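J.: Read top to bottom, the protein sequences are chains L and S.
Per this note's numbering, the first sequence starts with residue 1, numbered consecutively.
Per this note's numbering, the second sequence starts with residue 1, numbered consecutively.
Wrong hints could be hidden among the right ones.
One copy or any two copies: either way a pair holds, since identical chains are not told apart in the list.
As the list claims (entries may be wrong) - Pairs of lysine to aspartate or glutamate, EDC-like flavour, derived with a Cα cap of 16 angstroms:
(1) K401 / E442
(2) K410 / D355
(3) K71 / E498
(4) K273 / E356
(5) K125 / E27
(6) K410 / E176
(7) K410 / E442
(8) K487 / E201
(9) K532 / E122
(10) K429 / D417
Calculated directly from the structure, the hints in this document are not laboratory data.
On a predicted model such as this, the values are computed, not experimentally measured, just so you know.
2 protein chains.
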Amino acid sequence: MKAKSGAGTLGTLHIFDSTLRDGAQGEGISFSVQDKLHLVRALDELGVAYIEAGNPGSNPKDLEFFREVKKIKLDNSRLVAFGATRRKGISCADDANLASLLAADTEDVCVFGKTWDFHVTEILKASLDENLAMIKDTVAYLRAQGRTVIYDAEHWFDGYASNPEYALSTLRAAVEGGAQCLVLCDTNGGTLPDAVRESTEKVVAEFGLPVGIHCHNDGGMAVANSLMAVKGGALQVQGTLIGIGERTGNANLSTVIANLELKMGLSCLPPGKLATLTPMVRRVAEIANVTVENGMPFVGHNAFAHKAGMHIDAMTKNPRAYEHVRAETVGNERSFLMSEVAGRSMIIEKLRKFDEHIGKDSPLAQEIVNRVKEMEHEGYQFEGAEGSFELLVRKNLGKYKPFFDLHYYKIIAEQPDGSEGCTAFAQIKIGVDGEDAITAGEGDGPVHALDCALRKALERFYPGVKDIRLTDFKVRVLDSRSATAAKVRVLIESTDGEEAWSTVGVSSDLIEASWIALVDSFEYKLILDVEKRFKAYL
Amino acid sequence: MKAKSGAGTLGTLHIFDSTLRDGAQGEGISFSVQDKLHLVRALDELGVAYIEAGNPGSNPKDLEFFREVKKIKLDNSRLVAFGATRRKGISCADDANLASLLAADTEDVCVFGKTWDFHVTEILKASLDENLAMIKDTVAYLRAQGRTVIYDAEHWFDGYASNPEYALSTLRAAVEGGAQCLVLCDTNGGTLPDAVRESTEKVVAEFGLPVGIHCHNDGGMAVANSLMAVKGGALQVQGTLIGIGERTGNANLSTVIANLELKMGLSCLPPGKLATLTPMVRRVAEIANVTVENGMPFVGHNAFAHKAGMHIDAMTKNPRAYEHVRAETVGNERSFLMSEVAGRSMIIEKLRKFDEHIGKDSPLAQEIVNRVKEMEHEGYQFEGAEGSFELLVRKNLGKYKPFFDLHYYKIIAEQPDGSEGCTAFAQIKIGVDGEDAITAGEGDGPVHALDCALRKALERFYPGVKDIRLTDFKVRVLDSRSATAAKVRVLIESTDGEEAWSTVGVSSDLIEASWIALVDSFEYKLILDVEKRFKAYL
């Protein structure tokens with residue numbers, strides 16, 4: 001691995017992604033070697049300067065990964081291996097963790113040491129001087145082995161607040177050892193932005209070396225803290241692309257990057273890459289098997305979604321009215337949520353996707369407005385259900401043909417449990433172009449059983465159905481005073497790994513409501529496939 | 001509604017919650033009048049100074065709410081109605097929205113006007129002078145009607161950046177009209193913390209009036225921006241308790257409050273309330289039917305969850321090692337389970353109903369705490385399910401005997417519909433004291449059919465069942481990523497016309513979860529009857 005374009009000279013701003021290392025500390029996160037290789041490809045494609053790829057000393061699986069990753073040619077990123085300073089009382093050459101760190105065979109290493117006197121004496125149970133020696137020795141040893149050394153000052157801000165003189169002396173030890181970059185870590189994540197900036201300025205002025213920032217989100221301010229550190233002179237920002245990490249997570253780099261580029265005018269990705277941020281975040285989230293929160297700044301589904309009627313009116317006059325940046329700049333899209341206060345102007349806006357010449361007074365628009373109103377009256381809500389809304393518009397525009405007919409479904413649910421602890425069984429009969437399919441499925445509860453049976457029936461005709469993964473399933477009881485006879489609204493979010501869409505169904509029968517949302521989801525995916533394969537003909 | 005202890009003199013720091021108004025603009029949020037009343041009770045109990053409760057001008061349903069809410073006695077909070085300045089070209093007396101605002105009949109009103117020259121000319125299509133007159137007239141009119149007027153400067157930060165002179169003149173107009181507090185809004189949510197602080201300081205210095213801050217999270221910095229405004233002299237912080245709101249949401253007040261109290265040493269809740277923050281956030285999220293993100297600072301399940309082995313080792317030596325604050329201070333705990341502090345005292349209190357001498361350290365209490373923790377791990381939550389909680393305590397105390405045994409239930413659901421349009425049929429067999437009952441029911445969906453069948457079977461033995469009316473039925477999908485196989489929590493509220501109670505069931509099968517909650521509801525009612533009829537003997 002050689003120096004790549006994304007990692008320029010030390011005077012420019014570098015994004016340092018730790019999804020593979022610190023991100024792996026997030027609850028429920030567990031990366032296989034293959035996952036990690038996919039992540040490296042994605043992050044390199046996005047163009048971050050550094051990818052911190054593992055801690056070979058504490059995770060033996062990481063060494064296998066470091067062997068494999070060498071086969072990948074990176075265009076933009078440098079790989080970094082991470083480890084601790086040598087243990088107390090031994091030499092660097094005798095330290096197994098350092099041996100593993102070297103075995104990862106990366107040009108760059110990131111090594112962390114203790115800053116906070118309390119941690120040295122209470123947790124490490126070492127003397128303050130021994131800690132300084134551990135830092136200096138380790139950095140010097142790694143430099144002597146030809147590595148570029150980034151020094152992570154763990155608990156920098158707590159340490160500096162507790163004993164500034166000692167904290168500074170730990171950085172001095174790293175510099176004496178030959179560290180080429182000093183990273184200030186808010187390990188416990190509780191520091192305020194003004195304190196982060198002040199202390200960063202101090203270190204920048206004192207050492208004349210490139211300084212980095214590594215924030216956690218325990219106080220809810222990891223992004224702001226990262227930006228304030230950059231204002232204080234930091235040139236490297238560490239975090240994880242989608243914010244995953246221990247406890248409340250690391251600084252969300254997608255938010256940091258968008259702010260640096262769009263608000264502070266600082267370039268941190270190769271040209272053109274910012275516009276791929278949203279799809280890239282979704283891809284990384286897919287690999288990590290986590291959900292991109294709808295409200296995630298810049299890249300979330302709702303980041304540019306407007307609901308209040310007054311806001312929507314204003315947005316149709318000028319998009320600056322209620323958007324801090326243009327959605328396209330980060331690869332996201334504006335959307336208008338349907339709500340009781342929202343008007344017809346948003347429906348027109350959506351129709352224009354299909355026919356840009358459609359007028360405000362078009363009878364077709366009026367027809368769809370009426371249909372939407374009727375359906376809203378029945379309990380539908382198309383905000384958060386773009387997929388179903390698009391199908392509705394298509395049905396009214398004549399740009400739709402059913403993919404199958406339902407002859408019947410029949411579900412049997414019982415207690416005590418049936419075979420293998422299943423509580424429900426479904427049988428379904430559908431027809432596609434005159435050919436019938438009868439299948440059965442079982443599952444935890446009726447909807448799961450029905451989902452299984454329908455998939456089996458459809459896969460024969462439409463193999464694309466195999467790629468559909470339901471990522472979210474929500475149930476909202478509408479007139480909850482009708483209790484068990486109440487209407488329910490079911491919202492399903494789905495993905496095929498590339499696109500994500502959401503669909504909705506309403507009924508006083510939960511199974512039927514789920515069925516409607518499920519069918520919309522499957523049909524939406526099948527239309528996507530048609531559009532991709534046959535776009536040229538359409 | 002009179003001034004309450006939480007809202008003191010204007011020199012102290014006030015929390016202003018807008019969950020009912022700005023929070024209602026969040027995607028998927030739709031509050032009934034009952035939901036809003038529940039929210040008011042919760043927020044008052046937490047002790048926020050102001051509850052912004054609706055926009056009667058744009059939402060006619062809000063007037064019904066304002067009539068109802070008068071029946072609630074508030075201990076800590078003042079209610080605020082929200083509205084816009086008068087429309088251009090008419091007098092305040094002729095403005096229907098202002099009439100609605102006054103009809104809400106609150107002592108305090110919050111009225112917003114335009115700050116940003118671009119918005120005045122491009123969106124409002126008014127002259128800059130007309131906008132100033134609209135602001136001044138409106139504030140003066142509301143003051144003349146005896147209201148305390150909080151003035152919200154919409155788009156303050158964008159306006160101030162674009163045309164600082166004009167922006168300041170809009171505040172001057174509000175002050176001339178008699179505004180008693182000036183709130184600076186980052187409506188588009190894209191301002192950086194240093195800019196927020198600087199501009200807040202400027203306004204504080206210029207007007208000598210209490211200043212508030214209202215941030216949105218589009219740049220991911222709403223919390224940091226709110227805190228920096230307080231450092232700049234702001235005395236009122238607006239937001240929503242769980243951060244819901246348009247697009248990426250409002251400033252998350254749970255994070256703001258914890259930071260203000262614990263990091264900045266500023267008191268903003270009545271004494272003792274901070275330790276109830278986590279359960280209160282969960283209660284509000286339940287009412288809003290949204291999920292508290294696991295990674296939410298301070299109150300999320302993972303906010304104090306440690307994964308890295310090294311961190312856990314250190315934590316056993318000293319909890320300061322990797323926690324920025326103590327979990328108990330915000331009612332959270334170092335595991336993913338609900339607060340032991342809150343849970344435990346709730347359990348002791350319940351136990352005292354049965355045995356008033358029960359001590360804090362009773363082994364029985366510990367046993368129940370453990371059982372509750374286990375069940376919470378499975379997805380139970382007893383905060384909104386007092387009925388099930390009492391049954392749980394009774395079961396552990398030996399003060400319970402099942403009212404019936406279930407032999408089986410069997411449900412058939414089908415499409416197309418069966419007889420009389422019913423979609424589901426249930427058959428059930430139960431036994432009471434050696435005697436069996438086999439009944440059948442039909443309904444809209446499987447749960448309704450099961451409810452009907454169970455009632456029929458029980459009525460023969462327990463006529464009191466006839467009085468039970470289910471008044472609410474809520475379904476929450478827990479691990480919604482498991483989609484149709486996900487665990488669900490069903491919450492049922494019931495009444496017999498005199499008492500009201502709520503019960504809960506959890507399962508990956510929605511029918512089974514509903515069954516559990518249904519049985520708890522019926523049993524709770526039957527115990528109530530026993531207590532009433534035989535109290536003298538017990």
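J.: It remains to establish, for every hint, whether it holds in the given structure.
T.: Status of each hint after checking the structure:
With identical chains, the CA atoms of K401 and E442 are never at most 16 angstroms apart, being 29 angstroms at best within one copy and 34 angstroms at best between copies. For the identical chains of this complex, K410 and D355 are neighbours neither inside a copy (40 angstroms) nor across copies (51 angstroms), given an alpha-carbon limit of 16 angstroms. In this homomeric assembly, K71 and E498 never come within 16 angstroms of each other (Cα to Cα): the closest approach is 19 angstroms inside a single copy and 52 angstroms across copies. Taking the shortest alpha-carbon separations for K273 and E356, neither the intra-copy value of 26 angstroms nor the inter-copy value of 55 angstroms comes in at or below 16 angstroms.
Taking identical chains as interchangeable, the C-alpha atoms of K125 and E27 are never at most 16 angstroms apart, the minima being 29 angstroms within one chain and 51 angstroms between chains. For a Cα distance limit of 16 angstroms, the shortest separation of K410 from E176 qualifies neither inside one copy, at 72 angstroms, nor across copies, at 70 angstroms. In this assembly of identical chains, K410 and E442 lie within 16 angstroms of each other by CA distance both inside one copy and across copies; the values are 12 angstroms within and 15 angstroms between. When the C-alpha separation of K487 and E201 is checked against a cutoff of 16 angstroms, the pair qualifies neither within a copy, at 50 angstroms, nor between copies, at 50 angstroms.
In this assembly of identical chains, K532 and E122 lie within 16 angstroms of each other by CA distance neither inside one copy nor across copies; the values are 60 angstroms within and 40 angstroms between. Only between protomers do K429 and D417 lie at most 16 angstroms apart by alpha-carbon distance; the minimum there is 15 angstroms, versus 24 angstroms within a single protomer.
Checked against the numbered hints given earlier, the structure breaks hints 1, 2, 3, 4, 5, 6, 8, 9 and satisfies all the rest.
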